[in-house]
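Peer 1: Single-letter residue listing:
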Amino acid sequence: MSAENRYPGYDVLAKREGLSWNDATRRTIDARLSLPRVPRFFTPAQWLTLQALCERIVPQPQDPDPVPLAAMLDARLLSGRTDGFRRAVLPQQDEAWRRGLAALEAEARTRYGGAFHELRAASQDELLRDLQAGRLSHEAWGGMPGNAFFAHRVLPDITSAFYAHPHAWNEMGFGGPASARGYVRMDFDRRDPWEAAEAAPGQERQALRDNHRVR
Amino acid sequence: MSAELAEHVVDEALRAPRALNGRAPDVFRVGGWVPMREYAADEAVDFVIVGTGAGGGTLACRLAELGFSVVALDAGPFFRPLEDFASDETEQTKLYWLDHRIVDGENPITMGGKNSGKAVGGSTVHFAMVSLRFRPEWFRSRSLLGYGADWPLDWREMWDYYTQAERALSISGPLTYPWGPKRPRYPYRPHELNAAALVLAQGAEAQGYRWTATPLATVSAPRNRSPPCVYRGFCRFGCATNAKQSALTVWIPRAIKAGAEIRDLAMAGRIETDARGRVTGVHYHRAQRWQFQKARNVVVAGYAIETPRLLLASASARFPEGLANRSGLVGRYLMTQSNQAVFGRLQREVRWYKGPPSLTISEHWNYEDRKDFFGGYCWMAQGPLPIEWATIQTSSRGLWGADLRREMLDYNHQVGLKMVGEMLPDERNRVTLADEKDQYGLSVARITYSWGENDKHLIHHALDQMQDSLERAGVTHLFRQEDDTNHLAGTARMGFDAATSVVNADCRSWDIPNLWVCDGSVFPTTGGVNPSLTIQAIALRTADRIKELAARGELS
Amino acid sequence: MNEDTPVTALAGIALVALGVAAVAAAGRRRPPRAAAPRASQRRSVPAARRLNRAAGTLAACVLSDSAVEHYRGAFHNKTMLAPLASATLSLAASAHGHADARARAHRMRDGVYALAIATGLVGTAFHVYNIGKRPGRFSWQNFFYAAPVGAPAALSLSGILGVAAERVRDTAPGRAPKLLGLPAGRALAALTSLGLIGSVGEAGLLHLRGAYHNPVMWAPVSLPPVSAALLAATAVSPSPRLRRLTKGWLRLTAIVGGIGSAFHAYGVSRGMGGWANWRQNLLNGPPIPAPPSFTGLAMAGLAALELQEQAGHER
Numbered sequence: 375m376s377a378e379n380r381y382p383g384y385d386v387l388a389k390r391e392g393l394s395w396n397d398a399t400r401r402t403i404d405a406r407l408s409l410p411r412v413p414r415f416f417t418p419a420q421w422l423t424l425q426a427l428c429e430r431i432v433p434q435p436q437d438p439d440p441v442p443l444a445a446m447l448d449a450r451l452l453s454g455r456t457d458g459f460r461r462a463v464l465p466q467q468d469e470a471w472r473r474g475l476a477a478l479e480a481e482a483r484t485r486y487g488g489a490f491h492e493l494r495a496a497s498q499d500e501l502l503r504d505l506q507a508g509r510l511s512h513e514a515w516g517g518m519p520g521n522a523f524f525a526h527r528v529l530p531d532i533t534s535a536f537y538a539h540p541h542a543w544n545e546m547g548f549g550g551p552a553s554a555r556g557y558v559r560m561d562f563d564r565r566d567p568w569e570a571a572e573a574a575p576g577q578e579r580q581a582l583r584d585n586h587r588v589r
Numbered sequence: 096m097s098a099e100l101a102e103h104v105v106d107e108a109l110r111a112p113r114a115l116n117g118r119a120p121d122v123f124r125v126g127g128w129v130p131m132r133e134y135a136a137d138e139a140v141d142f143v144i145v146g147t148g149a150g151g152g153t154l155a156c157r158l159a160e161l162g163f164s165v166v167a168l169d170a171g172p173f174f175r176p177l178e179d180f181a182s183d184e185t186e187q188t189k190l191y192w193l194d195h196r197i198v199d200g201e202n203p204i205t206m207g208g209k210n211s212g213k214a215v216g217g218s219t220v221h222f223a224m225v226s227l228r229f230r231p232e233w234f235r236s237r238s239l240l241g242y243g244a245d246w247p248l249d250w251r252e253m254w255d256y257y258t259q260a261e262r263a264l265s266i267s268g269p270l271t272y273p274w275g276p277k278r279p280r281y282p283y284r285p286h287e288l289n290a291a292a293l294v295l296a297q298g299a300e301a302q303g304y305r306w307t308a309t310p311l312a313t314v315s316a317p318r319n320r321s322p323p324c325v326y327r328g329f330c331r332f333g334c335a336t337n338a339k340q341s342a343l344t345v346w347i348p349r350a351i352k353a354g355a356e357i358r359d360l361a362m363a364g365r366i367e368t369d370a371r372g373r374v375t376g377v378h379y380h381r382a383q384r385w386q387f388q389k390a391r392n393v394v395v396a397g398y399a400i401e402t403p404r405l406l407l408a409s410a411s412a413r414f415p416e417g418l419a420n421r422s423g424l425v426g427r428y429l430m431t432q433s434n435q436a437v438f439g440r441l442q443r444e445v446r447w448y449k450g451p452p453s454l455t456i457s458e459h460w461n462y463e464d465r466k467d468f469f470g471g472y473c474w475m476a477q478g479p480l481p482i483e484w485a486t487i488q489t490s491s492r493g494l495w496g497a498d499l500r501r502e503m504l505d506y507n508h509q510v511g512l513k514m515v516g517e518m519l520p521d522e523r524n525r526v527t528l529a530d531e532k533d534q535y536g537l538s539v540a541r542i543t544y545s546w547g548e549n550d551k552h553l554i555h556h557a558l559d560q561m562q563d564s565l566e567r568a569g570v571t572h573l574f575r576q577e578d579d580t581n582h583l584a585g586t587a588r589m590g591f592d593a594a595t596s597v598v599n600a601d602c603r604s605w606d607i608p609n610l611w612v613c614d615g616s617v618f619p620t621t622g623g624v625n626p627s628l629t630i631q632a633i634a635l636r637t638a639d640r641i642k643e644l645a646a647r648g649e650l651s
Numbered sequence: 010m011n012e013d014t015p016v017t018a019l020a021g022i023a024l025v026a027l028g029v030a031a032v033a034a035a036g037r038r039r040p041p042r043a044a045a046p047r048a049s050q051r052r053s054v055p056a057a058r059r060l061n062r063a064a065g066t067l068a069a070c071v072l073s074d075s076a077v078e079h080y081r082g083a084f085h086n087k088t089m090l091a092p093l094a095s096a097t098l099s100l101a102a103s104a105h106g107h108a109d110a111r112a113r114a115h116r117m118r119d120g121v122y123a124l125a126i127a128t129g130l131v132g133t134a135f136h137v138y139n140i141g142k143r144p145g146r147f148s149w150q151n152f153f154y155a156a157p158v159g160a161p162a163a164l165s166l167s168g169i170l171g172v173a174a175e176r177v178r179d180t181a182p183g184r185a186p187k188l189l190g191l192p193a194g195r196a197l198a199a200l201t202s203l204g205l206i207g208s209v210g211e212a213g214l215l216h217l218r219g220a221y222h223n224p225v226m227w228a229p230v231s232l233p234p235v236s237a238a239l240l241a242a243t244a245v246s247p248s249p250r251l252r253r254l255t256k257g258w259l260r261l262t263a264i265v266g267g268i269g270s271a272f273h274a275y276g277v278s279r280g281m282g283g284w285a286n287w288r289q290n291l292l293n294g295p296p297i298p299a300p301p302s303f304t305g306l307a308m309a310g311l312a313a314l315e316l317q318e319q320a321g322h323e324r
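Protein chains in written order, with the numbering used here: chain A, 375 to 589; chain B, 96 to 651; chain C, 10 to 324.
Bear in mind the hints are in silico, worked out from the structure with no lab data behind them.
Fair warning: there could be bad hints in the mix.
Derived coverage of chain B by chain A (criterion: at least 3 residues anywhere in the stretch with Cβ under 8 Å from a Cβ of chain A; other residues may be distant) [said to hold, decoys possible]:
1) 258–270
2) 328–335
3) 391–398
4) 478–485
As the structure is a computational prediction, the values presented were derived from the model and not from experiment.
Beta carbons are placed, not taken as given, at the ideal position from N, Cα and C, and that holds for glycine.
Extracted from the complex, chain A is given alone in its bound form (with noise of 0.2 Å):
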């Protein structure tokens, strides 16, 4: 849950035995939700520094239960799942992963001398940045530009696994999965009685009144 609730109890697994959800939906969230969250295809070291990267790149400090991002990044890469295609810059997706891990721990230990997920927040993010930037030229990247390395692995994977999971869609608002049932009120400002309800300031109360009863 981040700093400021805008859908105060509104939850889309309140709806999984309803009419929103379908089965296929069901077997896919419940396989994400069971994760293990121990890693399968990085090291343990390799393990260390992916936690460290995603709590960076999407915080969840005051989530009671956090989204499992690197559990969910190691299981994707562990099922082979491909985008479909290569830019020609970088190396396949888990060389990249693998050599951008290491890389970035090579970075930490030379500017700051620690291991990356032992550096405080502000210099993990001062060093993500300049690789955002282009700024960070180890021989450990060995050769692959880390900006390109950052823009299409490290923020698209990381943000599409922390968007996948129910407590980004609780969090944004989103109706969620919508099958058989999808929506009959698509005109400004009106929701379904399944949808989540926005707290305005000063209506939270009300808001939670509506989302407790969304089915």
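Following the hints, position chains B and C against chain A.
Peer 2: Using the frame of chain A, we list chains B and C on its own:
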């Protein structure tokens, strides 16, 4: 449940072929089957079609209905939408071509859901259902408008085939269409507009431009076993209700009923030719082994990447440059369409995830010629789902961290306009074979693309226009998505002679009389509208032409 | 406005309606003993009661239809409760009138029916505004999907039939019932004919939106117009033969209303998820309570013919 087990349960369609043993899935009935005729591999069928999308699916249907024996191969699975489709962006990437490709050039194309499907039904299984006709002048882009190349097709003939396609797909569209020559009434009425669509309308009206409800291939009323659209918004991730009129729900069932055989999970690897320089059949990989189907004719309909890939990979001693490639143009003149956007925010709730993403459209700049660039573009309302929206935020604005998470909270207030813009044919943009091999042992495609000056000029104009439109509609906090493309075309272009094109107006290759190409690869230009309706119209025409040629004894 | 408001509002309206009916019933006094009513008076009461039933049928249609449609519109404007209240009152008044054997207008019923006429007019103005303010203004798109332009007229029609019922009932002894200075049977026939045309227009518009995907959807735009034409003919030049023919068509039209609801229910079931997805399909599917408005109008037409017959006999 472990991830592996879950994957097995969900992806049954990908594990083993479904269309075999005399039956194919009935996509309209849970667990249902329809009888399907099967053909012996060693007896030549009239047509083997590689690919069952907007081109191949339509052609398979019409050829079978016209009495030809047809085997249609598709590398993808035979999905059952009612059972297989989850309401989940990640899970539904199974609809896309996820096999390996390499992209390069100055503006590498993002492959996948924007342009490449892998399924029986092709990319129409995940397309946004936008069904537009070409502006008539585009068939004579070079002669009339001074750019690109002329098509060897007459727009008036195409106009009738557009009508046929619209009827077959029961397009739901406005009672009067604001642009172009008169067209018959769309079979079904337009859909209700969501808030995102209304913003386009407000902006366009403020600019003095016309707008309309987008003609869509999803029904606004019951049609046979298709229920009306429930406005769930997962259109580009597979329609789980079968309201969408895709090749999977329209052409393929008709094809099977008329006696065509569909072979799913069948990856074509090589087209065989004989000593006379004619094709004899197709090698394809299915059920863990390579198989061969004899054919009197082969139609390649794999869309603009896989079609040239197969033609090039089928090179032989007689055709060292690949099949149908004496002109050297197979794989060249690849085109995509610009898909940039402007996004912003409203105080009011928009909740753009409800309904098809593009419920309204303005084609103003497709029909307005007072501009200092070639080509046209349209723009449409938008409704990105969470992951797509996050990707737009990170790629367009470089956002991450707490900033990203906070910006995403405004999701229900976001609104935007996205263009479909014409990109000009450039022979340097191309598909070639790379050295890497894929899981079937086939050479991987390399896709090289760079935008031209005209492309950039058009994009710039469109972004300014879309921004102006949104501003007039009261949208604030605007930002631009400057790098996005969709759709493909051009890599087996049709033309007037063998030196400057790959196929003729009948989609028949110049070099090999029994080798055809029937998909978006044949487009000499892309136009400023989504291509699916034009591809289907071309396929309908090709079927009729084949029938005529056969009657005159001019078919191989 | 939260989810509870419509339910609370409906409960309140129901209570009010019951209260009104109770008061009216309690206030009913036995008429003073007088000479037996004339034949004309006696005969006008059944016709009036028939008109009460017709008004009630229309009111019931409007109540259920506007409840569903305004719920779909989330009661975003509180005046959207007005037709529910007015239709409920009209329904109660019509039940009251149906049970009333006296040959005298009832002031409260008159008031309720007049309110229905006014509410329907105000509703029409709101709906026209709703259509006109959207992008595209008075376009097919908006006639299909904005507020249905003809729907509030059904409430006014219900009110008009109710007022007619009171006027017919309130005939002085020895006089023939009159409406707007004209013989009641013929005036009512003309009015009902117009009402039928209006309903045909509304059904036609919405069936056009549905692309007439089922051939049966042509029924409400092909059969009722014949009834309307015949009724109009009886208003202009009544004859027993014409009345017999019209009566048959009106009965057919009444059945069209019932069959229409059955088909609409079938239409709801054809939505994704069928009846299980009623929360969507009842709102997005064809409106089940709309077709019986033809039944209500047919009843009014039959009442008009009955009045014409009486007038003929008393000549």
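Peer 1: Are the hints correct? Go through all of them and say.
Peer 2: Here's how the hints hold up against the structure:
no. : hint    : result
1   : 258–270 : violated (count 0)
2   : 328–335 : holds (count 3)
3   : 391–398 : violated (count 0)
4   : 478–485 : holds (count 5)
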